[in-house]
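First to last, the sequence lines map onto chains X and E.
Mapping the first sequence onto the working numbering, position 34 (from 1) lands on 34, and the numbers just tick up by one.
Mapping the second sequence onto the working numbering, position 277 (from 1) lands on 277, and the numbers just tick up by one.
Note that these hints are calculated values from the structure, not bench results.
A couple of the hints might just be wrong.
Simulated coverage check for chain E against chain X, where a stretch passes if three residues somewhere in it have a Cβ under 8 Å from a Cβ of chain X [stated by the list, open to error]:
1) 37-47
2) 181-192
3) 231-240
Each pair of labels, with its calculated beta carbon distance range [to be verified]:
4) E/E247 <-> X/L32: 23 to 33 Å
5) X/T77 <-> E/T134: 27 to 37 Å
6) E/L223 <-> X/L39: 47 to 57 Å
7) X/G88 <-> E/T32: 28 to 38 Å
8) E/G216 <-> X/A40: 21 to 31 Å
9) E/L255 <-> X/T161: 22 to 32 Å
10) X/T161 <-> E/P168: 52 to 62 Å
11) E/W33 <-> X/E160: 46 to 56 Å
All C-beta atoms, glycine included, are put in the ideal place defined by N, C-alpha and C.
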Amino acid sequence: MWRDALLVAGKDLRIELRSRVVLNQVLPFGVLVLVLFALALGPGRSTLLQAAPGLFWVAVLFSSVLAVQRSFAIEATDGTRDGLRLAGLEPAGVFLGKAAAVAVQLAALEIVLGAGVVFLYGAGVRSLWGVTGACLLATLGLAASGTIYGALAVGLEVRETLLPFLLLPVVAPVLLAGTRAWQAALSTGAGSAGSLHGAGFLGGAGFLGGGDPWIGLLAVFAAVYLSLGVLVFGSIEEAA
Amino acid sequence: MTGISNGVTAGSGSNPGLGPRVPPGSWSRRTTWIVRSVGLAAFVGVAATVWLGLWVTPPGETMGNLVRLVYVHPAVAWIALYVAFGTVGIASALWLWPRTRSSFFDRLAASAMEVGTVFTGLTLVTGSIWGRTTWGVWWAWDARLTSTALLFVLQLGYLALRRVPSEPDTRARRSAVAALVSALDVPIVHFSVLWWRTLHQQATVLTPTLSVKIYGSMAWTMLLGFVAFTLLFFWMLAIRMRSAAIEDYLDEAGLDSVLEERWAEGGVLGVGGRAVHEASVEDLETGARAGDLPLLRGGDAPDGREAPGKVPVEAGRGVEP
Chain X
1 MWRDALLVAG
11 KDLRIELRSR
21 VVLNQVLPFG
31 VLVLVLFALA
41 LGPGRSTLLQ
51 AAPGLFWVAV
61 LFSSVLAVQR
71 SFAIEATDGT
81 RDGLRLAGLE
91 PAGVFLGKAA
101 AVAVQLAALE
111 IVLGAGVVFL
121 YGAGVRSLWG
131 VTGACLLATL
141 GLAASGTIYG
151 ALAVGLEVRE
161 TLLPFLLLPV
171 VAPVLLAGTR
181 AWQAALSTGA
191 GSAGSLHGAG
201 FLGGAGFLGG
211 GDPWIGLLAV
221 FAAVYLSLGV
231 LVFGSIEEAA
Chain E
1 MTGISNGVTA
11 GSGSNPGLGP
21 RVPPGSWSRR
31 TTWIVRSVGL
41 AAFVGVAATV
51 WLGLWVTPPG
61 ETMGNLVRLV
71 YVHPAVAWIA
81 LYVAFGTVGI
91 ASALWLWPRT
101 RSSFFDRLAA
111 SAMEVGTVFT
121 GLTLVTGSIW
131 GRTTWGVWWA
141 WDARLTSTAL
151 LFVLQLGYLA
161 LRRVPSEPDT
171 RARRSAVAAL
181 VSALDVPIVH
191 FSVLWWRTLH
201 QQATVLTPTL
211 SVKIYGSMAW
221 TMLLGFVAFT
231 LLFFWMLAIR
241 MRSAAIEDYL
251 DEAGLDSVLE
261 ERWAEGGVLG
271 VGGRAVHEAS
281 VEDLETGARA
291 GDLPLLRGGD
301 APDGREAPGK
311 VPVEAGRGVE
321 P
């Protein structure tokens, strides 16, 4: 399973390195969303600063829809999916591989968008661990749930319109948790006292900047959808 | 084709004993009896709830007549959030598990989701009306409201996915996975939104607990409302499942009967028929829809769904002269 996952992830990342679709189209789109938010909210520093965590995660969510669509667009042509199945790869491995490739691309995207938030909105980082922890876990959750839905929608004529509609409500908790965790970890002036009372079940309160329960929620989300994907991806592959 | 024709004849009531095939989605006498009694009980229950809720029970101390929403809103929400969604989750999991896989569970999940979506919509509407009059706003970003709204969007997504035309088995598989994804999401959404609210605003003005003093008659009416709406849900579910079974049958039998009819017509018309057949194959290859083919126009249905019911009649007319 793990070897298959590595193979599939390597294939997807190689395709991305050669075609550079995510780099040249999805990444600029994410930055564009950040700029558009700034235009919509006005040039006032304090408004932008307060909204920065939420805007970052909305931009990540939108970009992740595009990244997932791209990830399955490369499977749709030339009978690639049949090829993968004929090659005897385990469905769970294919799922983990595709999710890993999406996660790597999203992580790269988040680094750029995070830098964008710092430069464009003037946010300062209070707890680097909190910021990176939230990003890593949220990325895993987004990639896992996105890969499940991407595979569901791959053969459909209406996938471009259907996928965002299906995916975005499901990942709404990631938006909430990511935003709160970032509010705790960034020095934005808002939500710095945002720790849930007595619920620091990741331990080490303050280490992650006070967003611990939210980071825990992101971890639960990622775990739930990674396991669901491993369990049901075989069924989805049969359907396509 | 003969089977279909007989089915149609039997359905029209001219000769009930003729059809050798049992029409699809037909229930046994016992099931029919049970469904009818549940439906009757549901309607009597709802009517009694309306009567008790509007005339017999007293108005509330603080909320006046508004308190009467308590007989409807919690009951509808209970169906939408727990009964319907629970049914969908269990039915989808049972479908995905190879040993219990059957089209019954697919129809059960789909029908429960459809009826449940209606109840979720009703929950939002009644809650919104209540909120407008007690809180002064149509919508508040309260934890329950927000998670119910997200649930509604998830349900609409499931229904949209089901509407995409595809093979029945593929559709069932896809829907079952989507339902499981949503079912797992609901608790996560619930807790995240709950924390989101409690973290955001410590002392919220809009607490969901409404200080209502429940009198004896009110408690009984509320309980009756729960029972009546639950019965109503299961009755609607049964009816919806029957029509889903008929739809599935039409999808399967429709193509067969149309094909048979076309071959039969080709045989009757000889060379001319074959020419028409070849022309229509060309139409198909150039991407024309099946509904546009000259031979299939008899159905009058743009999507070809109603065609199977009408095709045998047309075929009969075509063959007789």
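Here is how each hint holds up against the structure:
1. Proximity of the segment 37-47 of chain E to chain X, defined as three or more residues with a beta carbon under 8 Å from a beta carbon of that chain, is not established by the 0 residues found.
2. Counting residues of the segment 181-192 of chain E whose beta carbon lies closer than 8 Å to any beta carbon of chain X gives 8, which meets the minimum of three for the stated coverage.
3. A count of 0 residues in the segment 231-240 of chain E with a Cβ less than 8 Å from any Cβ of chain X is obtained; the coverage claim is therefore unmet, three being the minimum.
4. Restraint check, E/E247 to X/L32: a C-beta distance of roughly 44 Å breaks the suggested window 23 to 33 Å.
5. Between X/T77 and E/T134 the Cβ separation comes to about 56 Å, which falls outside the hinted range of 27 to 37 Å.
6. About 55 Å separates the C-beta atoms of E/L223 and X/L39, a value consistent with the hinted range of 47 to 57 Å.
7. The given range of 28 to 38 Å is broken by X/G88 and E/T32, whose C-beta atoms sit roughly 51 Å from each other.
8. Evaluation of the 21 to 31 Å hint for E/G216 and X/A40 yields a failure: the beta carbon distance comes to about 55 Å.
9. E/L255 and X/T161 have their C-beta atoms about 27 Å apart, which keeps the hinted 22 to 32 Å range intact.
10. About 23 Å separates the C-beta atoms of X/T161 and E/P168, a value inconsistent with the hinted range of 52 to 62 Å.
11. Between E/W33 and X/E160 the Cβ separation comes to about 49 Å, which falls inside the hinted range of 46 to 56 Å.
Hints 1, 3, 4, 5, 7, 8 and 10, counting from the list given before, are not met by this structure.
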